[in-house]
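Trainee: Listed here are the chains, written in short residue letters.
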Amino acid sequence: MNYQDDIPEDDFFRDIRRIRKNSKDDILDESFKKAEINKGIGSKEKKMLTKKPFLKLGVIFLIFMLIAILMINYFPWVYIKYDAEYGEVQEFFYKNFENERDFNYTEIDYIFKSPCTNCSNYTNNFIGIQKSDFTTTPKQTLNHFYILGILGAIFTIFAIVEKFKDFNKEFVSIIHSSFAMGGVLISIAIFLQNIKFLSFYLVFYNNFSFIEASNINNLIIIFLAPVIILFICFAIIIISSTVMKINFKDFEKIIKKQITKKSISEFKNRRKQ
Amino acid sequence: MINRKMVINTQRLSIWVVILSIISLFFISFFPLISTTEQDFVKKDLYYNYEMMKNTDNYEIFKITEKLDLIYLSIWLILIFSLISFLGSIIYASGKLSILGLIFVLCGCFVIILSILAIYNQIQIVNSLKQSNILSPASIFSSFYFIYITLIPNIIILILSIFYVWTATLAFFKFIKDYLKSDRENKKIKKQKKEKKSYFENMPDKKTVENKSKIKEKSIEMEAWLKGQVENEESKDEKKKEINEKEEEIEPINETIKDEEKNEEINDTKKIEKKSPFANNIKEKEQTKKDIEVKKEDTKSFEKALSSAIQKRKPGVEEKQDIKEKITKEKNEKENVEDKKINVRCPKCKTVFSITKEGTFTKIKCPSCGKEGVIR
Numbered sequence: 001m002n003y004q005d006d007i008p009e010d011d012f013f014r015d016i017r018r019i020r021k022n023s024k025d026d027i028l029d030e031s032f033k034k035a036e037i038n039k040g041i042g043s044k045e046k047k048m049l050t051k052k053p054f055l056k057l058g059v060i061f062l063i064f065m066l067i068a069i070l071m072i073n074y075f076p077w078v079y080i081k082y083d084a085e086y087g088e089v090q091e092f093f094y095k096n097f098e099n100e101r102d103f104n105y106t107e108i109d110y111i112f113k114s115p116c117t118n119c120s121n122y123t124n125n126f127i128g129i130q131k132s133d134f135t136t137t138p139k140q141t142l143n144h145f146y147i148l149g150i151l152g153a154i155f156t157i158f159a160i161v162e163k164f165k166d167f168n169k170e171f172v173s174i175i176h177s178s179f180a181m182g183g184v185l186i187s188i189a190i191f192l193q194n195i196k197f198l199s200f201y202l203v204f205y206n207n208f209s210f211i212e213a214s215n216i217n218n219l220i221i222i223f224l225a226p227v228i229i230l231f232i233c234f235a236i237i238i239i240s241s242t243v244m245k246i247n248f249k250d251f252e253k254i255i256k257k258q259i260t261k262k263s264i265s266e267f268k269n270r271r272k273q
Numbered sequence: 001m002i003n004r005k006m007v008i009n010t011q012r013l014s015i016w017v018v019i020l021s022i023i024s025l026f027f028i029s030f031f032p033l034i035s036t037t038e039q040d041f042v043k044k045d046l047y048y049n050y051e052m053m054k055n056t057d058n059y060e061i062f063k064i065t066e067k068l069d070l071i072y073l074s075i076w077l078i079l080i081f082s083l084i085s086f087l088g089s090i091i092y093a094s095g096k097l098s099i100l101g102l103i104f105v106l107c108g109c110f111v112i113i114l115s116i117l118a119i120y121n122q123i124q125i126v127n128s129l130k131q132s133n134i135l136s137p138a139s140i141f142s143s144f145y146f147i148y149i150t151l152i153p154n155i156i157i158l159i160l161s162i163f164y165v166w167t168a169t170l171a172f173f174k175f176i177k178d179y180l181k182s183d184r185e186n187k188k189i190k191k192q193k194k195e196k197k198s199y200f201e202n203m204p205d206k207k208t209v210e211n212k213s214k215i216k217e218k219s220i221e222m223e224a225w226l227k228g229q230v231e232n233e234e235s236k237d238e239k240k241k242e243i244n245e246k247e248e249e250i251e252p253i254n255e256t257i258k259d260e261e262k263n264e265e266i267n268d269t270k271k272i273e274k275k276s277p278f279a280n281n282i283k284e285k286e287q288t289k290k291d292i293e294v295k296k297e298d299t300k301s302f303e304k305a306l307s308s309a310i311q312k313r314k315p316g317v318e319e320k321q322d323i324k325e326k327i328t329k330e331k332n333e334k335e336n337v338e339d340k341k342i343n344v345r346c347p348k349c350k351t352v353f354s355i356t357k358e359g360t361f362t363k364i365k366c367p368s369c370g371k372e373g374v375i376r
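Residue numbers (this note's numbering), protein chains in the order written: chain A, 1 to 273; chain B, 1 to 376.
One or more hints might be untrue.
[Unchecked claim] Below, in silico cross-link-like pairs of lysine-lysine (BS3-like), each with a Cα-Cα straight-line distance of 30 angstroms or less: (1) B/Lys240 - B/Lys289; (2) B/Lys177 - A/Lys253; (3) B/Lys43 - A/Lys131; (4) B/Lys357 - A/Lys253; (5) A/Lys131 - B/Lys54; (6) B/Lys54 - A/Lys169; (7) B/Lys197 - B/Lys214; (8) B/Lys290 - B/Lys241; (9) A/Lys131 - B/Lys177; (10) B/Lys43 - A/Lys113; (11) A/Lys245 - B/Lys177.
[What the hints assert, rightly or not] Derived coverage of chain B by chain A (criterion: at least 3 residues anywhere in the stretch with Cβ under 8 angstroms from a Cβ of chain A; other residues may be distant): (12) 5 to 19; (13) 22 to 33; (14) 76 to 85; (15) 162 to 176.
Everything labelled a hint here was simulated from the structure, so no lab data went into it.
Glycine included, every Cβ here is placed at the ideal spot set by N, Cα and C.
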């Protein structure tokens, strides 16, 4: 049986036209939606890729350098408290082992230099820190922080120049990450220089009996400036490494995009073949 | 081409190596590594950390510190190389200085050698501690030795460095392969470009091509036109010459004919007077007459052909003539019509109206009053 027998001719064609129109509208709607979605994603990606790296790392280095200089020069390096024969002694010692009263405590000398002269395995001290460490380590840390400051100053100059002269994004991020790497290295060096002040506590706990033998009771030693410097170093390491990682992730996105583009083109070529 | 997997793997491995090297450096300088049993005024174990070991006068401890210094240095170098490799992976990922980046990444391969050196030295320290009677590895609990803790990150670094070397070398060989491929493709492209350049350099510009084509067309037209003209002129000259020659030929013949006619007339008169004995001569004369007439007809036909040829050579002449004829016809018709148009005044209502005269007798009717009449 023919369908044309049942349906009148005009109605039949009208139905076909309506179906075609509806399908067309549907396709258009779908394509329009897709285009809108693509447009949105594309613009976001573009924004992400066109973003230049955070160029305030030099300023951060300079700020940390200033804080460290202030800490080293004007902040007490160690706080010592003990019970002597004449009473309780508590004193803050600055760099070069200087105190506010300029008083020389003989008991403290025994802490940093062992009294044992006839020991079987002779050591200079029992806690791993000498008095000379309070003169050498501040100097070394200051020098390292100066280097870090110079690095930061160079990078800030580069950032200022970059604002006027629009450099290539890749070039900027490479220099950015290389400066960050320099910062990481310097901060690790400072960290390892000052770690002996932290390791003191472990040795002090283990060798406490030797210190007790030198008639110093209720000894409390707290290192202030070195701990703050350690924290600063830790912060610099984390910031620099994150900066490096961000730069790498940006490049990773670019690689992903390149690979997707290449794969699409390869797929098209294969289809053509 | 950038090897994404390689870049990501090397970056991750180098980050882990950096972290582990920092940890191992921290362990070396933080933990007390060896201990001695003092038997002086305090009979207890004395713990030595790295700083303490540096300031001892004991020969055995001094030897161990030398080895520790080596470990310390090697771990520092591991840290530097791993940071360089991390930077290299960033540079390589940028795709700008990919060769420099790859060199930096390959620098990370030194980590394996340095980690082996560090582990070897640490094992030697452990052995020397085992062999010595005075020294022993420091520990908090009975079996928790700090020297072994410092060994752990170094062993992990060694394992990671093996993976790192594997990925880096593979990436390097892949890079070389891709580079060679791209180099060949570039050479091919350059060759093609050169060929194209040379082809386009030899090829003239669009304007010049157009000009040249125009000039060619014009020259062809000119040649054709010149040929046609020359042919016309030549043919005209030839025809003129032929006509002249024929006319020249015809003129003496005409003269002879005239003479002969005169002679004939004279002869006729003589015949009338006397019957002539030269009948043959008369026949010959008649034949020549006929020939001359044929020649004349030929020349007429030739002239007709010439005129038709000229008409053909000059297209539009007939059309022009037709148009002229048409125009003249129309003019004549108009004139005739104008001639035939007459303004008539009605004798009854005295309105003036124009009519066309048809034939000798034309019936007319006044449009206003309707009076009928005839114009002769």
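Trainee: Decide, hint by hint, whether the structure agrees.
Mentor: Here's how the hints hold up against the structure:
Distance hint between B/Lys240 and B/Lys289 is fulfilled; the C-alpha atoms sit about 25 angstroms from each other, no more than 30 angstroms. For the suggested pair B/Lys177 and A/Lys253, the alpha carbons sit about 24 angstroms apart, so the restraint of at most 30 angstroms is met. With a CA separation close to 26 angstroms, the supplied pair B/Lys43 and A/Lys131 stays within the 30 angstroms bound. Proximity of B/Lys357 to A/Lys253 is assessed by CA-CA distance (about 103 angstroms); at most 30 angstroms being required, the pair is judged violated.
With a C-alpha separation of about 15 angstroms, the suggested pair A/Lys131 and B/Lys54 falls inside the 30 angstroms cut-off, and the hint holds. Restraint check: the Cα-Cα separation between B/Lys54 and A/Lys169 comes to about 48 angstroms, which exceeds 30 angstroms; the hinted pair is violated. Between B/Lys197 and B/Lys214 the alpha-carbon distance is near 26 angstroms, which keeps this suggested pair within the 30 angstroms criterion. Simply put, B/Lys290 and B/Lys241 have alpha-carbon atoms about 24 angstroms apart, close enough for the 30 angstroms limit, and the pair holds.
As the CA atoms of A/Lys131 and B/Lys177 are separated by approximately 60 angstroms, the hinted pair breaks the 30 angstroms bound. Of the pairs offered as hints, the one joining B/Lys43 and A/Lys113 holds, with about 19 angstroms between alpha carbons and a cut-off of 30 angstroms not exceeded. A distance of roughly 29 angstroms separates the Cα atoms of A/Lys245 and B/Lys177; the hinted pair therefore holds under the 30 angstroms criterion. Given as covered by chain A, the stretch 5 to 19 of chain B passes the check, having 5 residues with a CB less than 8 angstroms from a CB of that chain where 3 are the minimum.
Under a criterion of three residues with beta carbons nearer than 8 angstroms to beta carbons of chain A, the stated coverage of the stretch 22 to 33 of chain B is upheld, 7 such residues being counted. Residue count for the stretch 76 to 85 of chain B with a Cβ under 8 angstroms from a Cβ of chain A: 4. That meets the three needed, and the coverage hint holds. For a cut-off of 8 angstroms, the count of residues in the stretch 162 to 176 of chain B with a CB near a CB of chain A stands at 0, and the three-residue condition is violated.
Hints 4, 6, 9 and 15 from the earlier list are contradicted by this structure; the remaining hints agree with it.
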